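Asker: Residues per chain, in single letters:
2 protein chains.
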Amino acid sequence: MTPLGDVRAIPEATPGEIRLRMRRGEWPGPTAGLALGHAQANLVVLPKAVAYDFLVFCQRNPKPCPLIETTDPGSPEPKFAAPGADLRTDLPRYRVYRRGRLEAEETDIIKHWTPDLVAFLLGCSFTFESAMQHAGLPVRHLEDRRNVPMYVTTLRCRPAGALHGPVVVSMRPLPLAEVPRAILVTGRYPWAHGAPVHVGDPEAIGIADLSRPDFGDPPRVERGEVPVFWACGVTSQAVARAAKVDLMITHAPGHMFITDLLDEDLASG
Amino acid sequence: MTPLGDVRAIPEATPGEIRLRMRRGEWPGPTAGLALGHAQANLVVLPKAVAYDFLVFCQRNPKPCPLIETTDPGSPEPKFAAPGADLRTDLPRYRVYRRGRLEAEETDIIKHWTPDLVAFLLGCSFTFESAMQHAGLPVRHLEDRRNVPMYVTTLRCRPAGALHGPVVVSMRPLPLAEVPRAILVTGRYPWAHGAPVHVGDPEAIGIADLSRPDFGDPPRVERGEVPVFWACGVTSQAVARAAKVDLMITHAPGHMFITDLLDEDLASG
Chain A
203 MTPLGDVRAI PEATPGEIRL RMRRGEWPGP TAGLALGHAQ ANLVVLPKAV AYDFLVFCQR
263 NPKPCPLIET TDPGSPEPKF AAPGADLRTD LPRYRVYRRG RLEAEETDII KHWTPDLVAF
323 LLGCSFTFES AMQHAGLPVR HLEDRRNVPM YVTTLRCRPA GALHGPVVVS MRPLPLAEVP
383 RAILVTGRYP WAHGAPVHVG DPEAIGIADL SRPDFGDPPR VERGEVPVFW ACGVTSQAVA
443 RAAKVDLMIT HAPGHMFITD LLDEDLASG
Chain B
203 MTPLGDVRAI PEATPGEIRL RMRRGEWPGP TAGLALGHAQ ANLVVLPKAV AYDFLVFCQR
263 NPKPCPLIET TDPGSPEPKF AAPGADLRTD LPRYRVYRRG RLEAEETDII KHWTPDLVAF
323 LLGCSFTFES AMQHAGLPVR HLEDRRNVPM YVTTLRCRPA GALHGPVVVS MRPLPLAEVP
383 RAILVTGRYP WAHGAPVHVG DPEAIGIADL SRPDFGDPPR VERGEVPVFW ACGVTSQAVA
443 RAAKVDLMIT HAPGHMFITD LLDEDLASG
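Chains as they are written, first to last, in the working numbering: chain A, 203 to 471; chain B, 203 to 471.
If you are wondering where the hints come from, they were derived from the structure by calculation, not from laboratory data. Wrong hints could be hidden among the right ones.
Given that identical chains are not distinguished, each listed pair holds provided it fits within a single copy or across any two copies.
Taking lysine-lysine pairs in the DSSO-like style, the calculated list, with each CA pair at most 30 Å apart, reads [claimed, not checked]: (1) Lys265 / Lys313; (2) Lys281 / Lys313; (3) Lys313 / Lys446.
Keep in mind that this is a model prediction, so the values were computed, not measured.
Just chain A, with the same shape it has in the complex:
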């Protein structure tokens, strides 16, 4: 176990060690760069009554919603992605929504947990960004230490029951010559959003102004670069919020669940 509070030592810690710190409230910050090589995940917690529609929604929209874990109703343990972990305490920060409205931001969700809740983990862009970096591809918002820009598009998700809405995308600008490699590298990870859903012309997918993202920070796009758009995990949250489900709990943006899985476990094969 690395000494308490030694931030620089955290990247060397195992997923289990890092989760234990979060459980103790010792790591309230974002998770980018932690436990490198291990897959991080989006968290969505919903009542069982809505879980069926959510499962079907994810099945119908695997690019924005690549489901890697469904807990047993009432159980906060992700038995596949991190046996022994507790999804009520092992993330640094949560958001609690009631009937579509943000009600609270919490560092644990013990007091919100009920036996009818189901937790879902969805693969996250950190996995394919790591693969891009290993391939020598630039990841602009990481270079600039900013949040990735995200946009609500005119692409529609395939609906499921009460759940419907637009595909939300994240954008990373790339030199034109690097686009094919970026497509191949990220396309290897169908459980982490896979290949881009769109390349170039933002207006073709309903984005009027690249410099004004709906979430995250405005991008820096250089001359000779093209915007490349990947389906984004925020889609699932946006859809459940729009459906005004009684209760939805998610990770706070950038404060992901760190799994025991390797990034490679989210690859095809």
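Please arrange chain B on chain A, whose structure you already have, making use of the hints.
Answerer: Relative to chain A, chain B alone:
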């Protein structure tokens, strides 16, 4: 529309034309080789009460159970894989199970259909076998015009609710030198079982005698060849049958649903 009964003309027909013939009862036979280039699918129909567990089971076991469609409860239309098709009539042959027992074999399931049923389509090995053939790899049971041999293994599925059981695999023997290429070629199709789950030593996965498969025909394995095992869609049926669900309807073996999707739509990317 090709003339009635002209079997040789069928491979040139579109998926929609072939389904229409099946709907009219004009094509009761197996579907191998039909609508080449288009993905065929396993059918599993279950009451909504079991559908939640089945969805979670597929999410937890994507290699044997690669889910490509979930219909809305009561609707027999696979809106994604074949808009306008009717899953009650558009397969050549069905099997009806009640409480785990085979009750009937039918050429349509109109009289069994109720508003609480959900139909699931799962990707099928025909997709990756076609890719193997395009890559010049031998597919032994096709060369020999036999059924693929299938085996119940000691590999366990991750359980979901009432559903649990062993992974069933199909086996194709390959010259050792061809194994890497077969892994790469089939690994491109995560929605059609993906890469093999095991190569070589059958006993390591609980198969005592390769020459006595649990389903299908005994294989011909030549000197210098190694058995290669892929997760098989029969797994999902075996698991639902073992759970003695009130009603399960499946395609009859080899009598698949022909989708409008291309094989390539089941690839990663």
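Asker: Hint by hint, say whether it matches the structure.
Answerer: Against the structure, the hints come out as follows:
no.	hint	verdict
1	Lys265 / Lys313	neither (32 Å within a copy, 37 Å between copies)
2	Lys281 / Lys313	within (22 Å within a copy, 41 Å between copies)
3	Lys313 / Lys446	within (21 Å within a copy, 38 Å between copies)
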